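If you want the building blocks of each chain, they are given just below.
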Amino acid sequence: MKTHPASSDQLAPPVTRRQSLRHLAPWLGWGVLGLLVLLAALGPLYLSAFDLVLAFTLFNYMTMAQSWNLLGGYGGQFSLGHSLFVGAGSYTIAVLLLHSGLPLLLDLLLSGLLAAALATLAALLLMRLREAYFSIGSLGLAMAALTWMLNWSFTGATSGLNLPPAATLDYSTLYYLALGLLVVTTLTIVLLVRSPFGLRLMAIRDDQEAAAELGVNSFPVKLVTFAISAFFVGLAGGLIALNKLEIEPDSAFSMNWVITMIIITIIGGIATSTGPLLGAVVFFTLQQVLQNSQALSSLLTGLLLILIIRLAPEGLWPLALKLGRRLGEGLLSRFAHSKQAETVLSAQEAVGGRSRLGER
Amino acid sequence: MSTVSKAARSLFLMAMLALSMVACGGTGGSGNQTIVIGATLPLTGALAAVGVLLKAGYQAAVDDINAAGGLEVNGQKYHVNLIILDNTSDPNTASNQATTLYLQDNAVALLGPFTPPLVIPVSQVAERVKRPLISTTAPIEAWLSARPSGWQYSWDVFFDEKQQTSMSFQVANMVKTNKRVALFTDNEEDGVTMGKLWTEEAPQFGYTIAYRAIFPVGTTNFSSQIAAAKAANAEVLIAQMTPPDAMALWKQMKALGYHPIVAESEKGSSTTTWMQALGNVGEGALIANFWSRSFTYPGSQELAARAEKAGIKATIEQAGYIMGYSITEVLFDAIKRADSTDPDAINRAIGQTNKTYPVGPIRFGSNHADPIRAIMLQWQNGDTVQVYPPVSGVSLEAPAKGLA
Amino acid sequence: MLFYHLIDGFFLGGLYVTIALGLTLVFGVMNTVNLAQGEVLIGSAYLTYTLASLTHLDPLLCLLLVAPIMFVIGYLVQRLLLNPLIPRGQETLLVATFGLLLVAETLFGLIYGNNTLSLSASYTLTGVTIFGDTVRTIYVIALVAALLLVVGTHLLMTYLPLGKAIRAAAEDPGAAASIGINVPLVYGITFGLAAAISAVGGTLIGLSFGFGPTTGSSWLLRSFTVIVLGGMGSLWGTLLGGLLIGVLEEVAASVVGPQFRDLIVFAFLVIVLIVRPEGFFGQRVGVAK
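Protein chains in written order, with the numbering used here: chain A, 9 to 368; chain B, 8 to 411; chain C, 2 to 290.
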């Protein structure tokens with residue numbers, strides 16, 4: 009999709025009916041969004057304890073996938089090492105709760121900050137590497153961290169740490185924390201990728217040399233992106249520990265975390281901000297429905313991944329948009345035979361949609 | 008940004024929420040006269056071999072009570088609905104599934120998985136939702152240390168590991184060795200705890216730890232460690248490691264010509280996979296257990312026969328089945344005693360358990376653990392036989408036949 | 002004792018060469034990081050297991066059939082799944098091979114169960130005395146196999162028309178196509194070849210150690226370390242890298258303790274990548290610099 013993401017209004021001839029529709033649409037959109045946030049915010053009023061736990065897990069999946077997507081999708085740095093930040097977040101909050109008298113929310117914030125600090129360090133080491141070399145390097149770093157934690161007696165080596173029972177939060181508090189984190193993460197990332205910073209990031213992803221010629225210094229951009237991505241993943245890791253109350257290296261630093269982030273992002277749509285949300289719903293639903301048959305669940309996940317990458321590599325969300333556009337075109341062409349509809353809808357894709365995976 | 012697509016997005020988000028609601032929508036497991044009991048077990052993955060034994064044991068006990076008309080509580084017969092989920096040997100999954108079983112399926116109590124990495128997260132869930140869990144896991148020490156303030160709703164039945172470690176030396180005493188020990192443990196919590204205990208107990212029996220190897224799970228090449236054990240002239244070998252690692256160690260000891268007189272393979276030789284993968288090399292390996300054919304506790308022989316019918320042939324695997332059956336009965340007895348389906352009442356009743364079950368007498372201490380007595384088995388002719396305490400007609404084979 | 006670690010690590014390194022060679026070939030020619038390499042290895046071990054238990058033949062002899070089967074499987078995977086993805090970039094291939102990993106792991110579990118299996122043969126239980134130290138016979142066999150595979154692949158690449166076509170396709174697919182080379186076919190054959198080579202590695206794993214449905218990933222990590230050290234895509238680099246990692250592991254295990262073995266290996270992987278991403282020993286297959 010090579011359409012320039014210019015404002016569609018300047019191109020639109022005054023077709024009164026459609027324009028009035030367009031004036032109405034943002035209000036409708038914001039209204040629905042507001043209603044949705046309100047619905048989610050009132051969750052504990054009508055959701056059972058179990059629903060709250062499920063929502064907690066789903067929100068964390070969304071947060072983590074969203075954060076991975078910032079680096080892996082918009083940044084083009086396909087990290088296989090993000091489990092490191094989940095583990096770092098989990099362990100930081102556990103250590104702080106056990107050894108410091110700081111308030112819980114501050115502990116949580118610090119767990120994100122430590123993950124970000126580790127990411128900065130990792131970025132200094134790995135950012136020179138491109139493509140597969142970066143992927144393997146990040147994987148190596150995460151594995152090195154895991155094996156280190158297996159032997160570090162301060163954090164209980166293989167036994168890990170148990171959070172003090174006093175740190176037990178009720179399910180609605182956990183729900184709100186996860187929801188809050190998800191909203192903050194999504195807003196931050198949506199604003200970030202639409203800012204000049206985000207444009208620089210994507211320019212570097214698409215062609216680092218060309219971006220450099222235009223005066224974009226790739227290193228600080230990548231570094232900051234890596235740190236932000238890790239910050240939110242670290243916070244999610246902290247929340248996971250607060251829910252589980254017990255952490256040990258093999259599960260806190262499990263490769264499964266990064267695998268989940270990647271699967272969700274790919275299924276939903278890499279380098280789109282809605283993709284990871286949609287992907288999380290699909291993945292999580294699959295997981296829940298098939299929890300009596302783990303083999304079938306991972307088999308279907310694998311097949312889904314292969315099918316998507318083979319047939320619709322841009323993911324489900326862009327696919328849905330494309331189908332929606334066809335539908336919309338069909339509907340709009342009944343009102344007016346102009347090309348405008350296409351421009352309007354494709355503009356969205358050009359901002360969010362990634363050219364690389366789909367079209368290179 | 009295009010407004011139409013923004014509207015589409017919002018609509019989509021709504022659909023998404025609706026979808027997750029459908030996914031979340033709990034059906035609620037408990038019907039009118041049904042009582043739900045749950046278990047999250049490793050039925051696939053690294054620990055699957057033992058997980059399936061417990062599953063069969065749990066299921067058999069539930070089938071029995073349902074065949075007898077159900078569980079009687081407060082004058083009413085309840086059908087017992089056992090829900091078992093496969094946690095693929097993954098602690099995160101085990102934790103999530105325990106939450107599902109308690110909160111969605113409304114399980115009044117859970118039966119446990121085993122090994123500390125799986126039991127501890129599940130125990131934490133039990134404490135959080137304040138409903139009981141009975142599990143069977145080694146070692147008790149590691150499980151207790153996970154919650155210094157004490158477990159309130161979690162209960163554990165397993166070896167008295169101090170007695171178990173002393174037993175290793177008592178068994179070695181049955182034959183003549185130079186009393187020099189090579190100790191191989193992985194760095195998992197059970198390996199660490201047990202390794203420490205063996206090291207502490209050895210001097211009391213006149214044994215020296217001549218060589219000590221600690222390594223991560225998944226280690227494949229043991230040549231250097233074997234060479235060191237050989238150089239240390241250790242005639243007693245004690246190993247606590249996962250089945251794949253232990254099998255690799257045994258094969259390599261054979262290949263490199265290390266012939267310990269006594270060779271104990273804790274954890275590693277706990278299922279028939281040991282003999283299937285190793286063939287004759289596995290012969291003569293020792294392993295501690297809580298049950299053998301010589302036991303005559305009420306119902307234990309009948310259960311062994313039932314296990315055999317269900318395809319669980321080796322004695323050591325029947326032990327897992329009988330343990331599973333026994334702790335399920337402990338739970339049933341507690342529910343009957345509580346005469347209520349209230350988790351708190353059941354939890355209190357579990358604490359009053361004092362009865363002999365097919366696996367042996369079970370009675371919990373104030374720390375919620377019941378250390379039961381360990382016996383020593385040896386792999387002989389493809390099955391395990393009890394060698395300690397000695398029973399008539401069976402003698403300890405030494406040097407370990409497979410490695411000689 | 003240190004000498005023993007050197008010797009043992011050296012022979013063990015031979016095994017590492019056989020497991021990493023397929024990975025390096027696929028990366029060198031098609032710029033594809035095959036995340037399913039571990040499953041290619043373990044899948045071969047399962048195939049050998051089936052064949053050996055059906056025919057009671059020696060597992061290494063079974064390779065005569067297993068390697069061609071793996072070749073066909075590899076060829077089909079490349080032609081049907083991976084070739085169409087190449088224009089879309091490396092991440093697409095990562096995801097696709099990762100999907101294969103998930104599917105294969107599950108299938109292994111469904112077909113063979115979750116227990117650890119191992120291949121048996123008399124030479125897995127014997128040792129050979131070398132310079133006064135005993136080394137497992139199977140490691141010696143592995144080292145010989147590694148040398149044969151590396152030299153064989155080198156000869157193929159250098160002298161046979163197929164090898165020349167592979168190198169041409171690796172260097173510049175566009176140019177290769179313009180001089181009449183069927184690049185998709187060459188890619189298919191290369192992946193098939195890599196899978197067949199990995200069949201040797203997988204069978205050696207089955208003989209030396211044990212394997213289960215999920216053991217593949219640890220061998221993938223080890224293979225990564227080997228090829229990163231040797232230079233990703235380099236044949237001779239893989240040989241040297243494998244031997245060096247074998248020695249490093251054993252020496253590190255004896256100096257700082259076996260529990261730190263993996264830590265040192267992974268730290269080494271990262272350091273090598275940072276210091277010298279192109280590896281220390283070689284150049285990519287077909288890339289003449």
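Calculated from the structure, these hints are not laboratory results. It is possible that part of the hints are untrue.
[Said to hold, decoys possible] Pairs of lysine to aspartate or glutamate residues, derived as EDC-like cross-links and limited to a Cα-Cα distance of at most 20 Å, are as follows:
1) B:Lys137 to A:Asp178
2) B:Lys320 to B:Asp351
3) B:Lys237 to C:Glu172
4) B:Lys84 to B:Asp71
5) B:Lys183 to B:Asp167
6) B:Lys137 to B:Asp390
Computed from a prediction, not measured in an experiment: that's the story for all the values here.
Verification of the supplied hints:
1. For the hint pairing Lys137 (chain B) with Asp178 (chain A), the CA-to-CA distance comes to about 12 Å; that is within 20 Å, so the pair holds.
2. The hinted pair formed by Lys320 (chain B) and Asp351 (chain B) fails the criterion: a straight-line CA distance of about 38 Å is larger than 20 Å.
3. Our distance criterion of 20 Å between C-alpha atoms is broken by Lys237 (chain B) and Glu172 (chain C), whose separation comes to about 52 Å.
4. For the hint pairing Lys84 (chain B) with Asp71 (chain B), the CA-to-CA distance comes to about 14 Å; that is within 20 Å, so the pair holds.
5. At roughly 26 Å between alpha-carbon atoms, Lys183 (chain B) and Asp167 (chain B) are farther apart than 20 Å, so this suggested pair is violated.
6. At roughly 42 Å between alpha-carbon atoms, Lys137 (chain B) and Asp390 (chain B) are farther apart than 20 Å, so this suggested pair is violated.
Hint compliance for this structure: hints 2, 3, 5, 6 are broken, all remaining hints hold.
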